[in-house]
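Novice: Residues per chain, in single letters:
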Amino acid sequence: MTASLDLAALVVGYVRSVLIYIVPYLLTSLGIVISGRSGIYNISAEGVMLLGASVTFLATYFSSGNVLVGISYAVLVGILVGLAFGFLTISLKLNQFVVGTTFFILCSGFANLLYKLFIGVTLTPPSIETLRPLTIPVMSDIPYVGDSLFKHNLLVYLSFVFVTVSYYVLYKTHVGLNFRAVGENPKAADTLGINVTLYRYVGTIIGTVLMSVSGSYLVLSTTGLYTETIVLGRGWISIGIAIFGRWHPLWSLAGSALFAGVEALVYLIQSLQSVLGIRTPPEFLLTLPFIATLIVLALVYKRAELPQAIGRPYDREAPEEYA
Amino acid sequence: MSLSRESVIVARPYVRLEGIYKRFGDVVALKGVTLDIFTGQVLGLLGENGAGKTTLMNVLFGLYKPDAGLIYVDGKAVKIKSPAHAIRLGIFMVHQHFKLVSNYTALENIAIGMSSGVKSLRPIDLTELEERVNKVMEASGLYVNLREKIRNLPLGVRQRVEILKALVRGVKILILDEPTTNLTPQEVDALFNALRNLVRTGLGVVFITHKLHEVMAVADEIAVLRSGVLLGRFKRSEVDQATIIKLMVGERIDLDKSIIFRGFRPLNTSSQTENVPKPELLRVENLGLKDRLGTTILDSISFTLSKGEILGIAGVSGNGQREFVEVIFGVRKPTSGKILLEGVDITNSSIRDRILMGMFYVPEDRLSEGISPTLSVMENLVLGIHFSYSTKKLLMDFKRIRSDALQLIRKYEIKTPDMATLASKLSGGNIQKLMIARAFHTKPKVLIAHNPTRGLDIATTEKVLSEVLSLKSAGSGIIYVSEDLDELMLISDRIAVMYKGMLVGSLTRDRFDKYEIGKLMAGVVGG
Amino acid sequence: MRGIQLIRLIKISVPYLFSVSLAFGIAGLILYLGGYDVVSSYKTILTASFWNLNSFFLTLTKFSTLLMMSLAFSIPYISRKFNIGVEGQYLMGALGAALVGLAVSTPAGVHVIISLIVGIAFGSLWASVPAFLMARYNVNEVISTIMMNFIARYSVMVFAMSFWRDVTSGHPMTIPISDTATLPLLNSSPPLSSGIIFSLTTAALLYFTVALTVIGYELRATGTNPRAAEVFGVNTKLLMPLSLIIGGGIAGLGGALDVTGYYHRLIDGMQSNYPSLGILIALLSKGKITFIVPVAFFISVIDVGTNALQRIQRVPIELVLILEGLLLVFILVSESLRWWRK
Chain A
16 MTASLDLAAL VVGYVRSVLI YIVPYLLTSL GIVISGRSGI YNISAEGVML
66 LGASVTFLAT YFSSGNVLVG ISYAVLVGIL VGLAFGFLTI SLKLNQFVVG
116 TTFFILCSGF ANLLYKLFIG VTLTPPSIET LRPLTIPVMS DIPYVGDSLF
166 KHNLLVYLSF VFVTVSYYVL YKTHVGLNFR AVGENPKAAD TLGINVTLYR
216 YVGTIIGTVL MSVSGSYLVL STTGLYTETI VLGRGWISIG IAIFGRWHPL
266 WSLAGSALFA GVEALVYLIQ SLQSVLGIRT PPEFLLTLPF IATLIVLALV
316 YKRAELPQAI GRPYDREAPE EYA
Chain F
10 MSLSRESVIV ARPYVRLEGI YKRFGDVVAL KGVTLDIFTG QVLGLLGENG
60 AGKTTLMNVL FGLYKPDAGL IYVDGKAVKI KSPAHAIRLG IFMVHQHFKL
110 VSNYTALENI AIGMSSGVKS LRPIDLTELE ERVNKVMEAS GLYVNLREKI
160 RNLPLGVRQR VEILKALVRG VKILILDEPT TNLTPQEVDA LFNALRNLVR
210 TGLGVVFITH KLHEVMAVAD EIAVLRSGVL LGRFKRSEVD QATIIKLMVG
260 ERIDLDKSII FRGFRPLNTS SQTENVPKPE LLRVENLGLK DRLGTTILDS
310 ISFTLSKGEI LGIAGVSGNG QREFVEVIFG VRKPTSGKIL LEGVDITNSS
360 IRDRILMGMF YVPEDRLSEG ISPTLSVMEN LVLGIHFSYS TKKLLMDFKR
410 IRSDALQLIR KYEIKTPDMA TLASKLSGGN IQKLMIARAF HTKPKVLIAH
460 NPTRGLDIAT TEKVLSEVLS LKSAGSGIIY VSEDLDELML ISDRIAVMYK
510 GMLVGSLTRD RFDKYEIGKL MAGVVGG
Chain H
91 MRGIQLIRLI KISVPYLFSV SLAFGIAGLI LYLGGYDVVS SYKTILTASF
141 WNLNSFFLTL TKFSTLLMMS LAFSIPYISR KFNIGVEGQY LMGALGAALV
191 GLAVSTPAGV HVIISLIVGI AFGSLWASVP AFLMARYNVN EVISTIMMNF
241 IARYSVMVFA MSFWRDVTSG HPMTIPISDT ATLPLLNSSP PLSSGIIFSL
291 TTAALLYFTV ALTVIGYELR ATGTNPRAAE VFGVNTKLLM PLSLIIGGGI
341 AGLGGALDVT GYYHRLIDGM QSNYPSLGIL IALLSKGKIT FIVPVAFFIS
391 VIDVGTNALQ RIQRVPIELV LILEGLLLVF ILVSESLRWW RK
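Note that the protein sequences, when read in sequence, are chains A, F and H. To get my numbering, take the position in the first sequence, counting from 1, and add 15. To get my numbering, take the position in the second sequence, counting from 1, and add 9. To get my numbering, take the position in the third sequence, counting from 1, and add 90.
Certain hints may be false.
[Unchecked claim] Here are the computed lysine to aspartate or glutamate pairs in the EDC-like style, where the Cα-Cα straight-line distance is at most 16 Å:
{"#": "1", "chain 1": "A", "residue 1": "Lys-108", "chain 2": "H", "residue 2": "Glu-320"}
{"#": "2", "chain 1": "F", "residue 1": "Lys-90", "chain 2": "A", "residue 2": "Asp-330"}
{"#": "3", "chain 1": "A", "residue 1": "Lys-108", "chain 2": "A", "residue 2": "Glu-332"}
{"#": "4", "chain 1": "F", "residue 1": "Lys-74", "chain 2": "A", "residue 2": "Asp-21"}
{"#": "5", "chain 1": "F", "residue 1": "Lys-523", "chain 2": "F", "residue 2": "Asp-134"}
{"#": "6", "chain 1": "F", "residue 1": "Lys-342", "chain 2": "H", "residue 2": "Glu-320"}
{"#": "7", "chain 1": "F", "residue 1": "Lys-509", "chain 2": "F", "residue 2": "Asp-300"}
{"#": "8", "chain 1": "F", "residue 1": "Lys-424", "chain 2": "F", "residue 2": "Asp-406"}
{"#": "9", "chain 1": "F", "residue 1": "Lys-454", "chain 2": "F", "residue 2": "Glu-351"}
{"#": "10", "chain 1": "F", "residue 1": "Lys-452", "chain 2": "F", "residue 2": "Glu-476"}
{"#": "11", "chain 1": "F", "residue 1": "Lys-316", "chain 2": "F", "residue 2": "Asp-300"}
{"#": "12", "chain 1": "F", "residue 1": "Lys-420", "chain 2": "F", "residue 2": "Glu-351"}
{"#": "13", "chain 1": "F", "residue 1": "Lys-90", "chain 2": "A", "residue 2": "Glu-243"}
{"#": "14", "chain 1": "F", "residue 1": "Lys-74", "chain 2": "A", "residue 2": "Glu-320"}
{"#": "15", "chain 1": "A", "residue 1": "Lys-317", "chain 2": "F", "residue 2": "Asp-300"}
{"#": "16", "chain 1": "F", "residue 1": "Lys-472", "chain 2": "F", "residue 2": "Asp-427"}
{"#": "17", "chain 1": "A", "residue 1": "Lys-187", "chain 2": "F", "residue 2": "Glu-476"}
{"#": "18", "chain 1": "F", "residue 1": "Lys-85", "chain 2": "F", "residue 2": "Asp-134"}
These aren't lab readings, by the way, just hints derived from the structure by calculation.
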């Protein structure tokens, strides 16, 4: 009797943690997908997430725990970063990988700089209160399912809403048709009246805002702390998720679930190990998500599909190929 | 063949371009051009490549801003800010490069940009649009399977999608830039018929081309452009070909010695060499290529190429020509079949080995495959044989490269400020000359050329064609792949046609017939 | 004649001077807002390297590391590949050298050489995984090399805390490597390792290879237009992964030089901010080795200065990263604006 209950509790706990861990991957990969669909390949995700985390922490801390202020600052910073990134890649037509690498380094630097300037080095790091879970009225009373699915904080539910809305807008509306055309053949879209520059700026900014809020979530969800290593490669992995999700919101959802599953598995194994008294260096398990990324990327290469114009700047006056 | 010559006469031009100037950097592309465009007629805009025809229409279509000049549409002065603006004014341009999203269906492509504002957030429903497009298809005679993805449609059909985009939006002026490039002769006729139908309903068409016989077939009036200057506008019925050619070409070309303008006079080959069988140079047996998914791309191709022979390969783009030349040159390995060069099996040899054995290649896509943009002109000229300039296989002998490059730049008249200039700074025509120079410098036994004169002006085209003919006289074999049937008929000894990955037909010079070849290009087999 | 050339020189350098001033200006603003004394901070940043022989030698040591990092990024960059994995390759090279220095005993003369060779080998091997994935499965090298970075970090952590752990130290690190495995010093007091000779030699060797050899030509052709190079017989399918592996070897050598020459042990986190600084140096120099050398020196001066500033005035060391990053952004912007003005 106790054995089966333990198993059920284990599963419920596992599904619950998957939903907790899925959010950063989901939001960031969604941001990368949306930018990518408009033609902009933004690899600075890891840095923008860290910056969002830092800004959220500081804003929340200094406004006495007001989470709304924290997230608003993250959104603001996301917009500013998006404008800058867009200016360099869309208006100045600089190489998107060079800009992405630079922004990754710059945003990470700023994130840590701000934290050190405002908080400095302390013996015990300050913390803020984490988001309280919202229990959904009827659904959370369902045995097992209720505990695992319907007792999460607001951002978890919001991210699923974002994914659904993104899919609907991108694939089921005229705006989405136009938007995706910008990423596939901007000259075609331009000729038919679509403002390619505007669409790309919007795509980029939505991307960076999602990345920034994803960083907010990291701070607000489990620990309530900010550390330099809080993102821990999730930004990069999310780029991988966008790639093997073929730049599609729903496939990115699946990919994010996979990696959240891996992360939850790592913690599960660790707690099992402590229960069973097995000692292995924690670092072995922590490399699992990264190795998994390499394996999945290799496995799906045959079915890779990108928006055809991604990564290439658009110049209306540029000569045709056979000039 | 005759097309009905009805045209609707209108008093006032729908579009007036006045004194249009446009420069790109140091080059002045348009020098004060004034042109009227009327609805209800086909205006043929004629000129060699580089004359400024496309540039002028790009200005009208809002892709370029003129440096000086005025534009009047429907009597009102306007500044055309973007292609979208031009469309709102009733003007649409179909470029040589189709502006279609290959992953979308034909209908989806037509739908782009057709809904805006808050309405565009509604769920997509294209049934109404589909009905409208069906009506337009019936009225114009241009039919397309709207539910098919563009990437599965042949080029001729894709062109129709482009035209439908315009018609559905109710444009008054339709501009077509070199529309016959990728059509079989029969498809060209169908297009011309459709255009005359449309003109009868009141549409105005501007037909940009460098081919005289096309404007003579379809246009009501002809405007001739040369070096950015409008030299004259004539009613087609009131002018003769010789006058027009003179205007197009100017004094630079000696028409008696010209290859392009001699019509179909036979080549100056002595009758002796006609009868002596020439030794075999290249033999291809049952060459086949399948892609990763198992689709057949090249299907059992067999032919031989003799010394001193030009084998012309005709066909509409997209029938496997690119894969064909790539397999022969070694860029791709075939899945079956054999290639023998002077008896030696080179089917699986590397590109470098083929170059060492005397093969060379002029690829069709000069910007994406022809040059290394941030390397200097000098370094580009030796790409492919660069290793032969090394001492002890390691260090590059730049002195020798420099002197060879100097010779080549002079001989092929490549316009460049310095041989150390980056290749990307050269104009398209000069890049093509660089690729030709590079190829001919290796004195190849077998030259594979794919659309080598695309986009070149008349003088340069003459030069390239005469170089090809001298290479043939020197005993080399040339595989000349081109979508320009007229050009192939000028210089080839034999013409074969590529259709859906197969090499069909092999006509010797005495049996060249445009419409027979056209049938092969369209896949009509036998009689 | 001289006058015209001088004017041209000034015209060309204006955007760079402008970018430098703007970058320093913004950094100054940050310092001001953070409540630091801007003027004395700048003095420290720019002069700390030259205060005494000790600080100058420190600058040279950092210069050596930064040089190796940027070279390791620049070789793949020439063939258009982004080797963000220099961090992991550096760490594995360091780990390999530490392994030789701690666990392997060889005749005294060759101990160092073997350490360095093993460092190169480990770095190359570390890069060969992404190189293979790129060649066979078309996996984007940015992501794969970064995944390897994380795995390398953990590997070093584990190694530093295992058999050879220095238990007297609070921070995870190994005990010192054996004396025979250390690089000879150029100067004993203050100490300057001969590592800098190795790094400058590597730079010179790479420069000659890229500019003057056939393989250098082919590498450059591959980077500028892989398709054209491939069509004309250059083995791009081999060269692109090879350039990654060479980059890995260079980074690995850098790590080995630092372990055998400076730290004399493997320390968790020894890569510090060098990988990021090195990547930015390579991007600032557009991959050209002739620019990398002076730029790397300039950045190491600033790095030493910022470190001194951190000790004296508690200014966060991120300042050097931000300064460099802003410099790169402004230079990229001013270069593209110059195009427009033409």
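Novice: All the hints need checking, so say for each whether the structure fits it.
Specialist: Right, here's what the structure says about each hint:
Distance hint between A:Lys-108 and H:Glu-320 is unfulfilled; the C-alpha atoms sit about 27 Å from each other, more than 16 Å. Between F:Lys-90 and A:Asp-330, the direct Cα distance comes to roughly 15 Å. Compliance with the 16 Å bound is thereby established for this hinted pair. This hinted pair checks out: A:Lys-108 and A:Glu-332 have alpha carbons roughly 13 Å apart, not beyond 16 Å. Under the criterion of a C-alpha separation no larger than 16 Å, the hint pairing F:Lys-74 with A:Asp-21 is inconsistent with the structure, at around 73 Å.
Taken as a hint, the F:Lys-523 and F:Asp-134 pair is broken in the structure, with Cα atoms around 45 Å apart against an allowance of 16 Å. A hinted pair counts as satisfied when its Cα atoms are at most 16 Å apart, and F:Lys-342 with H:Glu-320 qualifies at roughly 13 Å. Under the criterion of a C-alpha separation no larger than 16 Å, the hint pairing F:Lys-509 with F:Asp-300 is consistent with the structure, at around 14 Å. A C-alpha spacing of about 24 Å is found between F:Lys-424 and F:Asp-406, which places the hinted pair above 16 Å, so the restraint is violated.
Distance hint between F:Lys-454 and F:Glu-351 is fulfilled; the C-alpha atoms sit about 10 Å from each other, no more than 16 Å. For the hint linking F:Lys-452 to F:Glu-476, the alpha-carbon distance of about 11 Å falls within 16 Å, and the restraint holds. At most 16 Å may separate the alpha-carbon atoms for a hinted pair to count; F:Lys-316 and F:Asp-300 exceed this at roughly 32 Å. For the given pair, F:Lys-420 sits about 30 Å from F:Glu-351 by alpha-carbon distance, which is inconsistent with the 16 Å threshold.
In summary, the hint linking F:Lys-90 to A:Glu-243 is not supported, as the alpha carbons are separated by about 48 Å, beyond the 16 Å threshold. Between the alpha carbons of F:Lys-74 and A:Glu-320 the distance comes to roughly 36 Å, so the proposed pair goes past 16 Å and is violated. Proximity of A:Lys-317 to F:Asp-300 is assessed by CA-CA distance (about 13 Å); at most 16 Å being required, the pair is judged to hold. At most 16 Å may separate the alpha-carbon atoms for a hinted pair to count; F:Lys-472 and F:Asp-427 exceed this at roughly 22 Å.
Between A:Lys-187 and F:Glu-476 the CA atoms are separated by roughly 56 Å; this puts the pair beyond 16 Å, and the hint is violated. Restraint check for F:Lys-85 and F:Asp-134: not satisfied, since their Cα atoms lie roughly 36 Å apart, outside the 16 Å limit.
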